[in-house]
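> Chain residues, written in single-letter form:
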Amino acid sequence: MLAYAIRRLGLSLLILIVVMTAMYAMVFLVPGDPASLALGPRATPELKEALRERMGLDQPILTQILYFFGNVLQGDLGTDVWSKRPVLDQILEVFPNTLILGVVALGWALIMGVLLGCAAVIWRDTLADRLLGVLSVSVISIPSFVVAIYALIIFAVWLKWLPAIGAGQKGDFASQARALILPAFAVGVGWVGYLARLIRASMLEVMEAPHIRTARAFGMSERDIVFRHALRVAIVPTISILAVGFGSILSSAVFVESVFSRPGIGTLITAAVEKRNYPVVMGTVLFMTAFYLAVVTAADLLIARLDPRVRDVLRS
Amino acid sequence: MSAPLSVENLSVVYRVAGGILQAVRDVSLSVQRGEVLGIMGESGCGKSTLAAAMINLLPVGAEIRQGGVRINGTDMLKLPPAAQRALRGQSVAMVFQDPMTAFNPVLTIGRQLADFAGAHDPARATPDRLVAMLARVGIPNPARFLDRYPHELSGGMRQRVAIAAALLMQPDVLIADEPTTALDVTMEAQIIHLLRDLRTSFDGAIVIVTHHLGVIAELCDRVAVMYAGEVVEEGTVDAIFHAALHPYTRALLACDPAVVDPSSGRLPTIAGRIPDLTALPPGCAFLTRCTMALPACHNPPPRVLLAEGRSVLCHRVQP
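The listed protein sequences correspond, in order, to chains A and B. Counting from 14, one number per residue, gives the positions in the first sequence under this note's numbering. Counting from 22, one number per residue, gives the positions in the second sequence under this note's numbering.
Treat the hints as calculated values from the structure; they're not laboratory data. Here the structure is a predicted model, which is why all the values come from computation and not from measurement. Careful, some of the hints might be misleading.
As the list claims (entries may be wrong) - Example chain A residues on the side facing chain B (calculated, C-beta under 8 Å, incomplete):
(1) H224
(2) R226
(3) T227
(4) A317
(5) R318
(6) D320
(7) R322
For glycine and all other residues, C-beta sits at the position ideal for the given N, C-alpha and C.
Produce the entire structure from the sequences given, and follow the hints as far as they go.
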């Protein structure tokens, strides 16, 4: 298990290095000079040269990449061109908002998805199962920002039940929680449908397995069989999809945060792109890549933990 | 007192692409306490369908057309689902053919045994009782077994665990569907020995479904021979092995792989194949393969009752 964990972490690290190199190289492939962009069209050549020197752009590219790596290792993701603040500080300031949004959205989607998926299995081929199926596919096909806009209009503007914008008062848990409800609903609702379908399909396959027949032959109730025996087998393939899904949840958070003007990685990156604030864009993408890799790696390790067969293959 | 298990005029069909497949046809059997009934026949004769019907857990597409399965006198098929569940595991327990797939791969043996017993009586699901039962089926170091996963055990060990699971609730009927078929020869012998030892301490009825003549000879008191969904001959092990009357039983017994036919140098077989169960002829189902057929065999054969528990389905046999 330990050897597997180390191998898996090593692979993630390698991916991260490739991403970093590719990202840095892209800056040079894109036409234009970061220094002139940063200083604007009216900057003098001397000023540009000075900034280039300060940014290390006059060094050979390999030196620059190594320099970049060194900085990243020290936790330095560069400096905001406009505010002159360290990029990492800005990211860490808003990241908790996005993380909470993603976790709450995925969390409620997972709970609802598992319950509805299992319900569909218990009631399979009945009207309830078909209705759930139609409903699931419908919510999957609606983009999260559309859900966000309608949720905002209905619940915040018309009914005035929930706040329309922002992330709530700092330090006031109730206000923050209320501000979270609509965005988390918008981000998660498609995933409820997706996970319900996924769990249902995965469960139906497991329910055909001989060990389920054994459980039935011993008089276990269908509900116990579904929740205690089949779900444990069916959830394993779902975990890796959840991890990959977390990536797409974070990208739908970009839209939803914009709709709700909610501070977060999404609003940070949209604002940075609009202002051509490259260090912030690069730093944010790198940060999210690293975070995403960490989630996927953790999911792989969790699967190894949950499925004893995988665990043993890895041990030997 | 009524028999722990009796099957009455049971017919099971499968809905298949070509029509209706008659898997079990008008089968009546009963087993007494302390008795071991063997159900013997070649592949496709309906013996596993019959075993599944005994706990009313037929595969999708199967349908019981008529008859009943009485557990201690109560017709299980007429009970509501919850009452049927209460019987399964508690009054009738089953050991399945393939121990490799019979257990949940991601739950420990202890957890599964506890769940099986706990479905009826949580008081019986204690680790002490589980360990005691594992010890009874000859598992060494049973306490350590509870934390093991199924894939960590050999096929023979898993089949022992399956037998332990079946015995946990002290059922009145134990059904073993091909309990040794998926095992290699040495494991098979061990499981046969285990079942033989258990016979003496188990006071319920045992049904063993197998195509293995050795298992029948070693373990059973009585045998029902099945062909094309019907019980063609029933009798004590002695009667079946030494005085078989139905031509099919005789042919089946002649198919002992230990005996090579001296004239051809090949293993003995029964010529021909099982008839198409979706389009059975009106007469005897064995007619096309029978070497002793009479003109009368084109009519349905009579069930000739020779004694209590001794019957043959054949025109040739006279009462």
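> Take the hints in turn and mark each one as holding or not.
Verification of the supplied hints:
Because the smallest distance between the Cβ of A:H224 and any Cβ of chain B comes to about 4 Å, under 8 Å, the interface hint for this residue holds. Because the smallest distance between the Cβ of A:R226 and any Cβ of chain B comes to about 6 Å, under 8 Å, the interface hint for this residue holds. Annotation: interface hint on A:T227 holds; nearest CB of chain B at approximately 5 Å, less than 8 Å. Hint on A:A317 is violated. Least Cβ distance to chain B is approximately 12 Å, over the 8 Å limit.
Below 8 Å, beta-carbon pairs count as interface contacts, and A:R318 has none with chain B, the closest being about 11 Å; its hint is therefore violated. Evaluation of the A:D320 hint against chain B yields a held restraint, the C-beta minimum of about 6 Å falling below 8 Å. Given hint, A:R322 at the interface with chain B, holds; its Cβ is 5 Å from that chain's nearest Cβ, closer than 8 Å.
Hint compliance for this structure: hints 4, 5 are broken, all remaining hints hold.
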